[in-house]
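Could you build all of it, start to finish, from the sequences and the hints given here?
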Amino acid sequence: MGATKLAMPTEAGTVEAFLERLEAIGSRTLAKLIYKQAHAGHPVSCLVYDAFLPWSLDVAKGLGLIGACFFTQDLFSLSHSLSCVSWELKSTIGR
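Here the sequence shown stands for residues 320 to 414, where the numbers follow our numbering.
Some hints could be false.
What follows is a list of derived Cβ distance ranges for each label pair [to be verified]:
{"hint": "1", "residue 1": "G360", "residue 2": "V334", "range": "32 to 42 Å"}
{"hint": "2", "residue 1": "D377", "residue 2": "A357", "range": "15 to 25 Å"}
{"hint": "3", "residue 1": "V334", "residue 2": "A357", "range": "26 to 36 Å"}
{"hint": "4", "residue 1": "V334", "residue 2": "H358", "range": "27 to 37 Å"}
{"hint": "5", "residue 1": "A343", "residue 2": "V367", "range": "18 to 28 Å"}
{"hint": "6", "residue 1": "G360", "residue 2": "T333", "range": "12 to 22 Å"}
{"hint": "7", "residue 1": "H361", "residue 2": "E335", "range": "16 to 26 Å"}
{"hint": "8", "residue 1": "G332", "residue 2": "L384", "range": "26 to 36 Å"}
No lab work stands behind these hints, which were simulated from the structure alone.
Built from N, CA and C at the ideal position, the CB exists for glycine as well.
Below, the structure is given as structure tokens:
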């Protein structure tokens, strides 16, 4: 399977052109990966995708899969908040 080059936004001309190409290439590549897993005896039943790639849900639905979205920023925010609390506790306790 040959790799398709995805031009960066500056090469693609506009951000919109880049995102359109990302969706086209990404959708096709994701579907191929899911088919490949199924043929290898590891069928996919649920696709967990990042909210920044909403077209992934279209791929999942098109293949009859369940799609579950996660939000990267929420995970980062939670991780950052926990780090701050941990640092404050260590500072307060003196450890």
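So, against the hints stated earlier in the document, which numbers end up violated here? 6, 7
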